[in-house]
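Everything in the sequence shown is counted per the numbering used here, starting at 1 for the first residue and increasing by one.
One thing to keep in mind: the hints can contain errors.
[To be verified] List of simulated lysine to aspartate or glutamate pairs, EDC-like, C-alpha gap at most 16 Å:
no.: 1; residue 1: Lys69; residue 2: Asp46
no.: 2; residue 1: Lys69; residue 2: Asp83
no.: 3; residue 1: Lys109; residue 2: Glu23
no.: 4; residue 1: Lys109; residue 2: Asp68
no.: 5; residue 1: Lys93; residue 2: Glu23
no.: 6; residue 1: Lys69; residue 2: Glu47
no.: 7; residue 1: Lys93; residue 2: Asp83
Just so you know, these hints were derived from the structure itself, not from any lab.
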Amino acid sequence: MIGWHGAMNRQVQGSVFIGNASELDPLETHLVETQAGRFCVRRWRDEWIVHSAVCPHMLGPLNEAELDKHGNITCPWHGYRFDVSTGQNIDAKCNDLMQAPRLIERDGKLYLD
1 MIGWHGAMNR QVQGSVFIGN ASELDPLETH LVETQAGRFC VRRWRDEWIV
51 HSAVCPHMLG PLNEAELDKH GNITCPWHGY RFDVSTGQNI DAKCNDLMQA
101 PRLIERDGKL YLD
């Protein structure tokens, strides 16, 4: 299940507020719109991570991709694979993902910076 949080995101001291960490569903992919682009915030190996929600090939929806056991996602449109920790295209057949902003947890709240 994919959560859409674009409407609730707001700027806080230059950062984009995602939500209270304790209230975000750890089983969902939370799609976040920023001025820099669209990003996915999700849990992997007991921590929150962030990566681009858009495949650089033809703008495929990476928010619909599931993380595999190695922390990789596969674009549902054309099968390009990416390592979400580095953004690198695994097969070297496509550009790497757009660099994701920093994910910050402050006072139990998550922000993209």
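Comparing the hints with the structure gives:
no. : hint            : result
1   : Lys69 to Asp46  : holds (13 Å)
2   : Lys69 to Asp83  : holds (11 Å)
3   : Lys109 to Glu23 : holds (9 Å)
4   : Lys109 to Asp68 : violated (26 Å)
5   : Lys93 to Glu23  : violated (38 Å)
6   : Lys69 to Glu47  : holds (14 Å)
7   : Lys93 to Asp83  : holds (13 Å)
In this structure, the earlier hints numbered 4, 5 are contradicted, and the remaining ones agree with it.
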